[in-house]
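Trainee: Build the complex: two chains, separate frames, hints provided.
Going down the list, the protein sequences come from chains A and B. Our numbering applies: residue 148 is where the first sequence begins, and numbers increase by one. Our numbering applies: residue 61 is where the second sequence begins, and numbers increase by one.
Keep in mind that the hints were calculated from the coordinates and are not lab data. Glycine included, C-beta positions come from ideal geometry on N, C-alpha and C. Be careful, since some hints might not be right.
Partner residues are not named here, just some residues of chain B that face chain A (Cβ under 7 angstroms, in silico) [stated by the list, open to error]:
hint	residue
1	T71
2	P72
3	P73
4	P77
5	T100
6	Q107
Which bits of chain A does chain B cover? Going by a derived footprint, with three or more residues having C-beta under 8 angstroms, they are [unchecked claim]:
hint	stretch
7	245-254
8	319-331
9	441-449
10	452-462
11	473-481
12	490-501
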Amino acid sequence: MADEQEFFLTSADVEGQYGIDLITAETLRHGLIEVTRHMHGTLQRSAFSSIVRDGMDFGVCLHVVCDDLSTELVAATEGCTMFAFTQQHMTNIVLGEYGVDNLGPGDVLLCNDSFRGGIHNADLNLFRVLHDEDGKPAFVITDAAHVFDIGGPSAGGFNLQAESMFEEGLRIPPTLLTSGDVPVRSTMNLLLDNTRSPWHMVGDVRALLGTLRAGEQRLSALMQKYGTETVKAAARYALGLSERRMRRALLQVPDGEYQAEQAIDDDGVGTDPVMLRVAFRVKGDQAEIDFSGTDRQTIGPVTTGWAEAARSLIGPKVLLDPQHPMNSGMMRPFHVLLPPGSAVLGLPPTSQNNHTELGAKIASLMLRVVSAAIPEHATAADSGASGAVLVFGIDDRPAHEGQPFGAVLLFGGGWGGTSSADGISYCLSALYNCRANVLEFVEKETPLVVWEWDTVMDSAGAGTFRGGFGPGYTFEALAPTTCVPLLDSAKFSPLPVAGGAPGMTSYGMLVKKHARSGPVSWNGLLPAERLVPIFGKFDDAGRPDPEHGSFGNGTRFQTGKAQFTIVPGEVLRLQTASAAGCGDPFGRYPQAVLNDYLQERVSAAQARSTYGVVIDVAALKVDEVGTAGLRAGRSAADHAAPPPPSHFADWPVTEEEYSDLVQSLRPPAAAERI
Amino acid sequence: MGFSDRLMFVTPPGDEPLVVRKEPLSELTCPSCRRNEVATYPVAAHQGPRIVTKCQSCFTVLELRRPRPEEPWPPFRPAMYDAPASPAERASVPDRKGGNENV
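Bound-form chain B, shown alone (with noise of 0.2 angstroms):
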């Protein structure tokens, strides 16, 4: 999602209800049930946005990541999102590296 992705953000074209569309993974077998009906998707986990990739016989949990920066999940992300920290943000912590740890 490049700078100028965050700055616009444009709703799907069309009028029909919209969905979350879930990308077989049809070389993946699931480890619980030994099925191949592995899907990828972005979901609301309980500590936020992330990609999960999931057998949809049992929803076993193959993985679940934090979205990479290219890809669209979440929808919004601020336009400053990957950028450093100014010296007035992080006043109380001058000598403690830090910074964005989306970067």
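So here's chain A without its partners, still in its complex pose (with noise of 0.2 angstroms):
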């Protein structure tokens, strides 16, 4: 597609291939976006789990029924992203295996299966099918979100340290859920008795059922208005805008192969690292994205069954055409390449209980190789973790005793520097970009004490362009609370470009309360004596170090992938891997360090050594004649060595090295302003 004509089709051009003129065509492009949209308000207004009320960790789509039976989807809204690529791949699947000519008015389907595109069993992916007046499947109308709870021996559904789908919750087939609009019985059933929280199932499943009918209804009342075939053909004029701007968006890539590889630190039951490879190849307005040389499927639970061949997708989408409403056209120009028996393409009776990991490390190195492919949109290592932890236990505040409580709690990452912005911080992957809890929620409806979220100090990967910070975040049981942490990157530092930094890693780690200030740090310092190891790399003082410290000295567990409990009184602070820098951090504009140093983001002894940025901090200005010398004085030796990951250099180990080093780094205006 070379031509420009092909691209940018005049009002005739459209009338001629869809059958229906221009306005009317974006109209009901747009008129689809909203059926999903209103599907969204409804789906995140009627449940009952805080991951879907709050974390909006679901996705609702539309789907076009082509000729041949084949689906595509053609309107999105997401909470999560991932499921704006994942349900195209598994409404084709599970309606291929069921038959969509077998399902009629008022029949859904419920599937949850892995490796039928699905993601994880806590996923419950619901499928419902919009005749014409004649009879005929029209449309599909999907919905997906996370309930907290599908059994399994973990509560929340991720078994870390599971070694087959066999220990992990219920596996759901293809299985009608309502039939002609009445629930199937056995089908709650089978849900409810088998979910810890069916107070939480039962809304959720509910507000799911009536996510598709508020969804029908919309999408019904704009095939009255226009006639069934006429929103069809602009179903059709959407994915086909969507596949020419993909298409044309590739042709500015240069055609080639470009290779990346990046490591999950374990798969939770062994040490070894899990070897993710990707060749991405572009030959004109077409791609191939093969995975030929990933490290087999592992005996812990960091494998998929099918969700790589659409969540690889991300690193394209976001690099390439990210404004654009997302549908299936953009997959058209991509073929994606799967070694059966590897990580990405696991086959039963493996486990994928901790998809999130390697999710986001897909999203990461799918964002890396692209930009490998596009120099000025060049893109360092976002944290490659989730940044979350379940919760749950039994709650014993007065009138909660003996209350179950459940909950995913949400912190993010940052994402990496890019050659023209620094990365951001407080957000999840690219390829989940959920949101965070209110933490008022939090401590209302578990026994928690939500301490902290915050960045530590000096973590975020330096470069001309930094990487966002990994957030820190410390909370407090008032009952036994046990906790799984979704967070990988604790061995490995996000991987920067163009000579920038490595991000600080991953770390778990009790804190002592203080008699005064509790268990709060001063911008994510606390003196090591105050700290308890549970994973990451620290050195022999305990101090957390990534370029010194080795992983797992001193520490609770060998893994970051651990399930462990606190006792009332107990806190834990987790902090997620800050993202890598782009380019040198010596070319990074002063002002911009100056701008960290006084929001307490970077250290002024960070600012000289890293950034060659002298700071007066008496002024708080730049000493511009201090910067310039320092910038030319830097030996060569020094230009070409690579940089350490980032982290604050002189971690205080006693209360008095704290209390001094607290008191030194305050902005001297600070004290004032306090």
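Mentor: Take a look at the structure:
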């Protein structure tokens, strides 16, 4: 598609290709998206689980039925980005197996199987066919949401030590959930009999069913107003527009093969890293994403059954056409190659219970390999971790005694620095992009007190454009609480590009409370003598140190994929790895370094040693003469040496050292402001 | 892929990383660039598992088809893959001739 005329369709072209005028096509393209926005609001407001209501870990989609009874995802509004990709494949696979002609009005199929295009068992995917006036399947309406518990040995559905799918929760093949709009009793009982949180399950399932009805009502209204064939023509137009945009973007990428690899820390059972390898091949307006060479499927649950066929396209979408609403048209130019028996296409009975860390790494890997093809879009690695923790237990607060509780707490990570901007902080992977919990709801619905949600000084991968900070999240248990962190990147720092620095690695640690200040840190810094290492890279003094520390040194666990219980009064602090930087840190604009210093994100010491910027701490300005001298005097050896992982270099050990350090680090005016 | 192949799934033997094997079809010429670099192999296309016959020089697609029942792609297929739907599974469409499109 090298011809500009093939991309820019005139009104006559649209009418000729799709049989409808351009105004109607655009009106309905937006109308179909609006149907899914209405579904989004319906689901968010009616779901019971906080992971759906607050975290927005769900997706809602419309699909058009093609002449050969395959389907194409024509509109989506996602809370969790990956559903807008996976639902395209899963709808085809599930309806292909069940037979779309076997579904009538009011029938809803349920499936959660990762080997049939799903992601993990906790995601319930529902499918409802909308028929035209002649009773033929015309559209499919789907939604999917993460329910808190689907049975299995680990509440919340993340058994990080599972060695087979038999150690997970329920695995449901395509199964009728409603027949003629009447709930199928056996299916509902199957769900409610096998979950630890039936009251959440019944609310969430009803919300999902109601959302499909809401979508059907809205879509039916469009079909009645414009006619089914006109709406289907508009769907084809919407798909063609996305396809043309992506193909045009691919034409800007030089033909060739680009390769990248990235390691997952371990599979949660063994200690060996799991290598993901990808080749991104571009020829003209087409591309292949080839995962040949990726390590074999793991014993532990860091494997998926089909999801990466769709999730891998997050890289091209984000870097080549991020603004356009998602539909399957953008997927048409790509073929994904997945070796059966590898970590990205596991075979039964492998477990996918820790799909989140695999997915986060896949997204990070794809962003890096696609950006390698387009230097002006150079992107350093993001945190490569979910930045979340599952918590569950039995409440014993007054008026809550004996009640089971559970939640998924989302605190996020950082995105990699790019060739034009710093990475954002406090955000989950581009593949997820869920919303963080409302902390007041967390403290109301669980026996937890959230003390902090902050960033760690000096931890963002330095660069001309630095990476985003990985947050630290500190919470105290008021009742025994089992914690399941979803935090990879504890062994291997996120990788930089173009001379930037790696980010700080992930950490898990208990924090002893101080008599006066509780467990609160100062910009993520705490005296090492108050830390009890759970997992991460620590030095011999117990300080978090991604450069000189070693993984597992003095820690309770030799993996970050551990499940453990904290007792009342114990305080757990989890820190997501920070994203890596892009470009030489000595090339960063000095005013940007000063801004980070004034916001207590970098210390004056890091400004000097890592960025070559001298800050006049009394005047709160850049010492321009000092900075110029420092940067000009940099040796060739220092210039050529890759920067170490960014971290706070002088981590205090004792309370006295900590107090002195905090006093020295505060910008002078800060004391007056306080 | 027979019924018994859909009950147990055997991972490929060995320890080396796995690759997707492209079978060259040297007898075919690409209609676009006229080279003899055509190969066939399993892919995930935008609508799911497919078998593609494609020029490796310019990526022109000569054929993109659904896998045949005997082909091991996708690697997982349900045990009842080729069985007809029961009356209970299609209770809402008793008058419509239907079934499993895989049959």
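Trainee: Establish whether the coverage given for the stretch 245-254 of chain A by chain B is satisfied; the threshold is a Cβ-Cβ distance below 8 angstroms, and no fewer than three residues must meet it.
Mentor: As far as the stretch 245-254 of chain A goes, the hint holds, because 10 residues have Cβ atoms under 8 angstroms from chain B.
Trainee: With a cut-off of 7 angstroms, does the beta carbon of B/T100 approach a beta carbon of chain A closely enough for the hint to hold?
Mentor: Given a least distance of 12 angstroms, the restraint on B/T100 is violated.
Trainee: For the stretch 319-331 of chain A, do at least 3 residues have a Cβ located nearer than 8 angstroms to some Cβ of chain B?
Mentor: Since 4 is at least three, the answer is holds.
Trainee: Does the closest beta carbon of chain A sit nearer than 7 angstroms to the beta carbon of B/Q107?
Mentor: Holds, about 5 angstroms.
Trainee: Would the hint on B/T71 be counted as holding, given a Cβ-Cβ threshold of 7 angstroms to chain A?
Mentor: B/T71 check passes; min Cβ-Cβ to chain A is 4 angstroms, inside 7 angstroms.
Trainee: Can you verify the interface hint for B/P77: is its Cβ closer than 7 angstroms to any Cβ in chain A?
Mentor: Since chain A brings a Cβ to about 5 angstroms from B/P77, closer than 7 angstroms, the hint holds.
Trainee: Check, residue by residue, whether the stretch 473-481 of chain A contains three or more positions whose beta-carbon lies closer than 8 angstroms to a beta-carbon of chain B, and give the verdict.
Mentor: holds (count 4)
Trainee: Would the hint on B/P72 stand, with a C-beta cut-off of 7 angstroms toward chain A?
Mentor: holds (5 angstroms)
Trainee: Are 3 or more residues of the stretch 490-501 of chain A near chain B, judged by a Cβ distance of less than 8 angstroms?
Mentor: It holds: at least three residues are needed, and the stretch 490-501 of chain A offers 4 whose Cβ sits within less than 8 angstroms of chain B.
Trainee: Please verify that hint: B/P73, Cβ, nearest Cβ of chain A, below 7 angstroms or not.
Mentor: Nearest chain A Cβ about 10 angstroms off; hint violated.
Trainee: Please count how many residues of the stretch 441-449 of chain A have a CB within 8 angstroms of a CB from chain B and say whether that reaches 3.
Mentor: holds (count 4)
Trainee: Cut-off 8 angstroms, C-beta pairs, minimum 3 residues; does the coverage of the stretch 452-462 of chain A by chain B stand?
Mentor: Holds: 4 residues of the stretch 452-462 of chain A have a Cβ under 8 angstroms from chain B.
Hints 3, 5 from the earlier list are contradicted by this structure; the remaining hints agree with it.
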